[in-house]
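S.K.: Each chain is listed here by its residues.
There are 4 protein chains.
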Amino acid sequence: MTVKVAVLGVGMMGANHADQLTNLVAGADVTVINDFDDERANAIADAIPGARVVSDPFDAIVAEDVDAVVIATPGPVHEKQVLACLEAGKPVLCEKPLTTDVESSLEIVKAEAALGKQLIQIGFMRRFDDEYMKLRALVESGELGAPIMLHLAHRNPAVPDHFDSAMIVKDCLVHEVDCARFLLGEEIKSVHILKPRPNSNARDGLQDPQFAIFEMESGRMVDAEAFVTTGIAYEVRSEAIFERGSAQIGLDVNLVRKSAPGIWGGTVTPGFKERFGRAYHDQLQRWVNAVKSGDETGNYVDGPRAWDGYAAAAVCDAGVRSLTTSTRVEVDMVDRASIPGA
Amino acid sequence: MTVKVAVLGVGMMGANHADQLTNLVAGADVTVINDFDDERANAIADAIPGARVVSDPFDAIVAEDVDAVVIATPGPVHEKQVLACLEAGKPVLCEKPLTTDVESSLEIVKAEAALGKQLIQIGFMRRFDDEYMKLRALVESGELGAPIMLHLAHRNPAVPDHFDSAMIVKDCLVHEVDCARFLLGEEIKSVHILKPRPNSNARDGLQDPQFAIFEMESGRMVDAEAFVTTGIAYEVRSEAIFERGSAQIGLDVNLVRKSAPGIWGGTVTPGFKERFGRAYHDQLQRWVNAVKSGDETGNYVDGPRAWDGYAAAAVCDAGVRSLTTSTRVEVDMVDRASIPGA
Amino acid sequence: MTVKVAVLGVGMMGANHADQLTNLVAGADVTVINDFDDERANAIADAIPGARVVSDPFDAIVAEDVDAVVIATPGPVHEKQVLACLEAGKPVLCEKPLTTDVESSLEIVKAEAALGKQLIQIGFMRRFDDEYMKLRALVESGELGAPIMLHLAHRNPAVPDHFDSAMIVKDCLVHEVDCARFLLGEEIKSVHILKPRPNSNARDGLQDPQFAIFEMESGRMVDAEAFVTTGIAYEVRSEAIFERGSAQIGLDVNLVRKSAPGIWGGTVTPGFKERFGRAYHDQLQRWVNAVKSGDETGNYVDGPRAWDGYAAAAVCDAGVRSLTTSTRVEVDMVDRASIPGA
Amino acid sequence: MTVKVAVLGVGMMGANHADQLTNLVAGADVTVINDFDDERANAIADAIPGARVVSDPFDAIVAEDVDAVVIATPGPVHEKQVLACLEAGKPVLCEKPLTTDVESSLEIVKAEAALGKQLIQIGFMRRFDDEYMKLRALVESGELGAPIMLHLAHRNPAVPDHFDSAMIVKDCLVHEVDCARFLLGEEIKSVHILKPRPNSNARDGLQDPQFAIFEMESGRMVDAEAFVTTGIAYEVRSEAIFERGSAQIGLDVNLVRKSAPGIWGGTVTPGFKERFGRAYHDQLQRWVNAVKSGDETGNYVDGPRAWDGYAAAAVCDAGVRSLTTSTRVEVDMVDRASIPGA
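Chains as they are written, first to last, in my numbering: chain A, 1 to 342; chain B, 1 to 342; chain C, 1 to 342; chain D, 1 to 342.
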């Protein structure tokens, strides 16, 4: 069986998904391309043998030649599109954010739970990265005892002009939010975003860097530096402190050179594609495989679920409030057990 | 277009190719499985939707539902199978060795050249590895000046009991032979295999480690340690010394931990799948893509060619003679320019 | 000229100073040993040709055969001993803490300032460590722009049974306090000590690890993990985030090995002597040289001064209050400019 | 007791020794400075309180205010000066080479052996380097089994114009000769110096790099790259391959930075003082301590002995012949056991 996929939204991320599904992922055909900009949709579809453009995303979701949906549209339209997928009973891989506010994310969690089968996967692709999987495995093994703290860092060379302080929380820290939850296997109880003196290269008014303190349910603490105007490269590094040791991932190595004027070293990973390109591929491949085998298991996901999207939204919401109030803010989340199937 | 592939030989390597073509490579379907052991062929084919077993490899090659062939059979039958692919005009990805002797390898080079289109690709998968590609790119860029020396190391934890000293040359050093040729872009002129005091863990009579000196056409020198009873892991490391700097690949890093009793470090890559798994995937994907686009280009390869298989055979042949005679042995190769199209 | 030194207090640290002054530092002779335990003093003095025991520390300070004093006695007696050195006009290298409370530290700063010459050096030996000096030089050079954040970590394998939560602040974090001040060249404005879930290997009631947030005068932020029951080794690591880059020190490398079962790595520095042994030596050597040249310069120090001891005391005092109150505590310090000569 | 030292030859190396003995080494006073250039001797002596110039090296050796001698004069005068030290019964630390030919080195070995006490130490300072000591300790421990091979590299940024191919053997490879002997604890049986295509930045006629193969008595093999026109820095790296693992020293780490344009790394050690400065200090300190304690032990050395100087001379002599003849050359050495006390 080949999975026939509709890709909604073919900006940078969606176009990349469409290309990977076509040229790198086994078992999937992109049959439908949708974008609010038909011209862009056509340009992408032209490069994919057998793909057609459907202008209305809801038509695309219910189309007969569509088995599963990838949502890479702007956040504000996610809610309706994901719900349409649920209604159509079609598996969906939805880019973060699940929705743009906590309440609607929770509604989606409930809607999927009510359906009784897992259809929604969230695009937190780091969970498919070799190093993160190794670090998670180390946590699960208990080999170094229980984890106690995480030190996380997320650095971008630059951001577009419209990027504001809250977007650092919702677009960058959100990944560290999911890492903390994924690596420690528990929810975040409170967020406090500290504001170091801003980088002089940051646009006026942009609070960059930000230094977040997450307090986990168990009392563990996680700190996360987000710094988006470094001018250097894409740097993502995580350190876990355990009861009997520590472990780090995200060191830049590979080709190491020594050259004039007396320096040794390598290159820092320039962007997220170089750092997580393989994770994106593996995310899609495993999702396609899950969609194929869904008939047997009743679940069409192999990765983070709607709940993970909801939890990230709740934490980021608290983060933005902390940014505004300069105080520690409790995360407001419903009890997962209260929604059977979530 | 989906490329329909016959896989000849489904031992460990062929079975892995069949699995990757089916589950990880876009644009290819495995339609035919062949093995001298029909039972093994059936077991593999059963796991691949749409694949059937063909007992005679030559029937498989000419089958109508076969566009291209992967040869992973034992070396002694390669010659006839590759020639049959040429005769049938079908692109072939042939695992090393191209053939088991220098003369027949040369015959194949000539046969393909006479055909006027490139159909044969050799499975030197390291050329698809990110780090090797980066090191080759550094050589080509001229950024550090011309390369002067290479220090290469190839270590295996263990080898089967039947592995003899000549096999260290033909199965292990052969990879370093291709690396030297790939990285420096020139042929090897002579080989001298030095014999350090053997490892006490090596089987009696096995010359392990071996230390090879390759003299390149340009006078550059390459040394290559092959050590196959280390008991540790699969370790492959290369250092290039340039006129204005040096560069190393193959350092083991990724997750780094610190733990009792006071040690820091990571794990050494346990086997070739972990080290080169992605290179195998990319080799297949790029080959499948080349086969697809061959009608336009007339060439159905994207990687090492028959000549590279011949050159490796010639160098390894000299290597085995050096091992026997304990002297430096000139490599005997025809002039590539004498075979237009090779 | 050879500097004749009295060593007050010959526990582990003082004994080490006496040994280094005798056997590794040029230009100094230990002439007087003092300890509250005469037996211990005699044992140490016996191993040093020409050294005698003086039972009363104040007699030792004023002795004719004493040019300069090293104070390695318990903290509570520092105040009177340092003041006696000032009164006698003798240069003194005082181990941290300068005194055990903020007020008396300030009194000493004032007393030395009133004297008009610099006689007091504090034993913050990290300032003499190659790596810290390189990181400080990088800050001073401005090459990577202004520093924005520091991430500091301080880990000990174990602590004695009497070690309590406040001692983690005063004995461990105090080093990070001085590092933050030394590396950034400014004072600490507030301290907030966060309390992650304690290590299960920590004694009941011990808040370990602690995670401190220092806000600097300029608005820069520094975080410092102190973790003293890791069971691993002595690990001290610092990362500075600049406007145009970042830099790390304290990576454990040196001899790197690969061995069964498939691991690579080295040993983590077991203790402070291995990590900072050379810094201790260089601290003493540079102090001895400064004492020698003091007659010309009028200043007998080459390193952290009384003010640095006072500042550390003030910050640690705030730290202990933060630990108790679980809030951010402003550091209460006088204006340095108000004490000319401090 | 303070050891009164005469320093013969105060070029760069001797001046450094005089400075360290005066300002960094405990227990030694430089009392006499000698140099063929009196002016240079005066300049050095003026900076050392209590030092005087003696114009004739043989007068310096026998002077009453000289307990021990450091020889840092040009190689051709070493023989007579070392013999004069033996005759005067004075401990001597002699910079490499012991003498400039194999025969006279052997004569010195015999003369010292005849004396019945150890007076001669050779300045192979790497034996005092922490990393080399750790690697030697790893060999001795047997933890990874017996050593099988060493891969050694020695790179200099540049050499003076008069530096010829033979000097690469005698001034650079000589250190690797001693390392091979020190690390493996056995003699070198043959030397073969291979000649890679020279660096285009090397002076015309200079064979640079050179690649030496040492065959040890036990059949172990050692390869050593010497490359003296790299333009980069001072790079010395050693890897030992054992029966059950491998180990590397000489990796450049310390401060690691990440900065634009997207690179990470540190600086390569610029020169031998930065790399081995502490080894030079420790060599002197331990030698001074050995000279002090010699009365009890009858031996006044703590480091490489005259025999080590002789062995290095014999190996380098073979190396130069290999360079000329382009063949493997057996090392011609007497049996150490034939000289009791050597």
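FYI, nobody ran anything at the bench for these hints, they're computed from the structure.
Treat the hints with care, as some may be off.
Here are the simulated SDA-like cross-link-like pairs (lysine to any residue), alpha carbons at most 25 Å apart as the crow flies [claimed, not checked]: (1) K273(A) x E187(B); (2) K195(A) x E186(C); (3) K195(D) x D130(B); (4) K195(C) x L86(A); (5) K90(B) x F58(B).
Quick list of the computed label-pair ranges, beta carbon to beta carbon [to be verified]: (6) E186(D) x D204(B): 21 to 29 Å; (7) E143(D) x G298(A): 25 to 33 Å; (8) A166(D) x R336(B): 38 to 46 Å.
Using N, Cα and C, we set each Cβ at its ideal position, and we do this for glycine too.
S.K.: Confirm or reject each hint.
M.R.: Evaluated hints:
1. K273(A) x E187(B): 36 Å, violated
2. K195(A) x E186(C): 18 Å, holds
3. K195(D) x D130(B): Distance of about 31 Å is beyond 25 Å: violated.
4. K195(C) x L86(A): Violated, at roughly 43 Å.
5. K90(B) x F58(B): 12 Å, holds
6. E186(D) x D204(B): 21 to 29 Å: Hint holds: Cβ distance 23 Å, inside 21 to 29 Å.
7. E143(D) x G298(A): 25 to 33 Å: The hinted range 25 to 33 Å is violated for E143(D) and G298(A), with Cβ atoms some 54 Å apart.
8. A166(D) x R336(B): 38 to 46 Å: 39 Å, holds
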